[in-house]
Amino acid sequence: MNSQIDKDSIRSILATDCGSTTTKAILIEKGPEGFRLRARGEAPTTVEAPAEDVTQGVRNAVSELSELVGRPLVDENGQLIKPYDGEKGLDLYLSTSSAGGGLQMMVAGVVAKMSSESAQRAALGAGAVVMETLSSNDSRRPYEKIELIRQLRPDMVLLSGGVDGGVQKHVVEMAQLFGAADPRPRLGINYKLPVIFAGNKDVREQIKKILGTKTALEIVDNIRPTLEEENLQPARLKIQSQFLEHVMAHAPGYPQLMAMTDEPIMPTPAAVGMIMERVAQARSINILGVDIGGATTDVFSVFDGHFNRTVSANYGMSYSISNVLAEAGLNKVMRWVPFEVDEAQLRNRVKNKMIRPTSIPYLKEDLEIEQAICREALRLSFEQHASLAEGLKGVQHQAEIGSIFNQDQQRSLIDPMCLDMLIGSGGVLSHAPERWQTAWMLIDSYLPCGITQLAVDSIFMMPQLGVLSSILPEAAAYVFEKDCLIELGTCIAPRFTNGKASPYGQDLLKVELEGEAPFTLSMGEIIVKKLPVGQSIKARLLPLRRTDVGLGAGQVVECVLKGGTTGLIFDGRGREPFVLPQERSLLINKLQEWKAAFQG
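Position one of the sequence shown corresponds to residue 1 (the working numbering), numbered consecutively onward.
These are computed hints drawn from the structure, not numbers from a lab.
Errors might be hidden in some of the hints.
Said to hold, decoys possible - DSBU-like mimics (lysine-lysine), calculated; alpha carbons at most 30 Å apart, straight line:
#1 K113 <-> K208
#2 K590 <-> K500
#3 K192 <-> K169
#4 K30 <-> K332
#5 K482 <-> K538
#6 K113 <-> K7
#7 K482 <-> K595
#8 K595 <-> K562
#9 K482 <-> K82
#10 K88 <-> K482
#11 K510 <-> K30
#12 K30 <-> K88
#13 K82 <-> K332
#14 K113 <-> K88
#15 K113 <-> K209
#16 K482 <-> K530
#17 K7 <-> K482
#18 K113 <-> K201
#19 K530 <-> K590
#20 K332 <-> K364
#21 K113 <-> K82
#22 K595 <-> K538
#23 K30 <-> K82
#24 K510 <-> K590
#25 K510 <-> K500
#26 K500 <-> K482
#27 K332 <-> K351
#28 K530 <-> K364
#29 K113 <-> K169
#30 K214 <-> K192
#31 K510 <-> K530
All chains should be modelled from the sequences, with the hints used to inform the complete structure.
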């Protein structure tokens with residue numbers, strides 16, 4: 001942190017997030033109970049023509065804040081007023097950014113399912129969009145890889161491969177491909193492409209000879225020093241520092257913005273991941289979070305202390321909405337639409353959204369179709385995330401008889417039964433007309449098992465809180481809990497333990513809530529019990545037949561359930577497998593029945 005700033009003297013904090021289209025500014029101020037959100041403003045991002053100066057959008061957003069709080073934050077020259085004197089100004093200014101497409105990287109390794117995947121996890125965790133992953137053992141020929149490197153023009157390259165003391169030849173060959181390609185960076189033609197080498201330490205001198213003069217080469221600790229160990233943090237920190245020094249320094253207006261901030265600018269996704277990691281650590285819980293945008297969907301998870309992030313670059317709700325329909329298939333989308341609609345009409349509605357990406361649904365039917373597609377975008381993105389968030393490949397494990405025929409399968413670190421909190425963010429979730437719609441979309445998309453709290457980021461301030469958490473972690477966590485998250489309620493969903501679903505109508509779970517009459521949840525049923533935000537209730541859950549709500553098949557769970565804007569949601573549609581009616585008319589009837597349960 002800036003040595004001139006005293007943490008204890010900070011009373012007013014300005015934080016901005018410079019997105020691709022919108023710059024969001026929030027003002028956090030210290031009151032009797034601690035730091036709280038005071039106001040929020042926004043303005044169009046100005047990184048592109050005609051302005052080509054990101055600071056203009058920042059000053060416009062801050063000007064809106066000034067009007068909202070009734071005091072000057074910038075002077076007549078457009079400079080931030082510091083420090084806060086009780087009548088004007090602020091004490092601390094922080095910023096994150098994903099403008100200009102964010103940080104776009106290529107990663108490379110020796111083995112696709114080992115070092116290349118570790119490199120991908122390192123880049124994603126640092127807030128990058130991974131454009132391409134190369135490996136020595138993929139099917140492309142050397143000239144094809146060279147041509148691909150030249151065409152993509154990444155902002156940065158992460159090169160890995162080989163455990164320390166292990167293979168050298170293939171690591172050197174991969175570096176030679178980049179040397180032969182001599183790629184030009186996306187922003188600025190007069191500077192060298194940043195390349196980070198995080199591979200076998202025994203080949204560092206050879207890497208320097210190949211790439212030392214052609215690129216801005218940096219060498220960090222091996223991300224995979226042994227087969228059993230993954231060391232991602234040094235590469236992640238170097239990616240972020242190189243992002244500021246090489247990439248952001250050449251983006252329009254960013255040198256001026258970096259001079260304005262009191263701490264280095266952080267990539268938006270990295271900041272979101274940071275606040276989620278800190279909250280998960282502080283509460284000792286497992287968290288899954290999603291940010292769904294117009295073109296991409298980011299998924300974050302912290303399970304047993306392991307942080308993972310993935311970017312689904314082709315799944316979004318405006319620019320990429322047709323990709324979701326094409327990838328999921330018409331039938332998968334239609335299973336969430338609670339009325340009859342023909343294929344041509346559905347496709348026309350989707351195409352209209354692509355033509356007018358900033359439009360919002362006008363009719364109720366448009367909204368329900370958009371929310372149906374959202375479910376599939378979230379599901380597809382989550383499947384990608386779960387496939388990447390796996391244990392280390394190449395590690396020797398004691399084999400069991402059943403694993404002999406599944407040697408290529410890896411167990412994901414993401415276990416829905418162990419998920420404590422599911423957080424949604426992004427326009428379609430944060431700005432749904434009714435909060436129960438957000439809760440329903442999250443449940444259908446992620447199918448949480450057992451007992452899971454649901455929440456939504458009200459105004460998407462997680463990036464700003466993430467960068468703040470690096471300086472004032474307690475303040476960031478408090479604002480996150482009090483002003484950022486809206487508690488939707490708790491989902492209680494029994495899971496089958498033998499892989500076979502019960503027939504619709506069969507009892508799955510007996511529920512005893514303190515002070516209320518017991519009731520039974522049957523297969524194919526959703527029951528919603530109203531319980532306001534801030535309230536909780538003691539519960540006794542008795543799984544019936546082959547179901548499990550957290551402690552094993554048939555094991556009684558005694559717990560305290562937290563309320564929310566929707567309340568307690570008892571989902572009896574089954575897990576592993578999750579079962580919906582196949583006949584269209586029966587499905588529509590069920591969708592309408594579940595909708596009525598949420599509406600109360």
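Hints, verified against the model:
no.	hint	verdict
1	K113 <-> K208	26 Å, holds
2	K590 <-> K500	21 Å, holds
3	K192 <-> K169	25 Å, holds
4	K30 <-> K332	48 Å, violated
5	K482 <-> K538	23 Å, holds
6	K113 <-> K7	44 Å, violated
7	K482 <-> K595	29 Å, holds
8	K595 <-> K562	22 Å, holds
9	K482 <-> K82	27 Å, holds
10	K88 <-> K482	25 Å, holds
11	K510 <-> K30	47 Å, violated
12	K30 <-> K88	15 Å, holds
13	K82 <-> K332	54 Å, violated
14	K113 <-> K88	55 Å, violated
15	K113 <-> K209	28 Å, holds
16	K482 <-> K530	21 Å, holds
17	K7 <-> K482	21 Å, holds
18	K113 <-> K201	20 Å, holds
19	K530 <-> K590	21 Å, holds
20	K332 <-> K364	20 Å, holds
21	K113 <-> K82	51 Å, violated
22	K595 <-> K538	26 Å, holds
23	K30 <-> K82	16 Å, holds
24	K510 <-> K590	21 Å, holds
25	K510 <-> K500	20 Å, holds
26	K500 <-> K482	42 Å, violated
27	K332 <-> K351	18 Å, holds
28	K530 <-> K364	25 Å, holds
29	K113 <-> K169	18 Å, holds
30	K214 <-> K192	7 Å, holds
31	K510 <-> K530	18 Å, holds
Of the hints listed earlier, those the structure fails to meet are numbers 4, 6, 11, 13, 14, 21, 26, in rising order.
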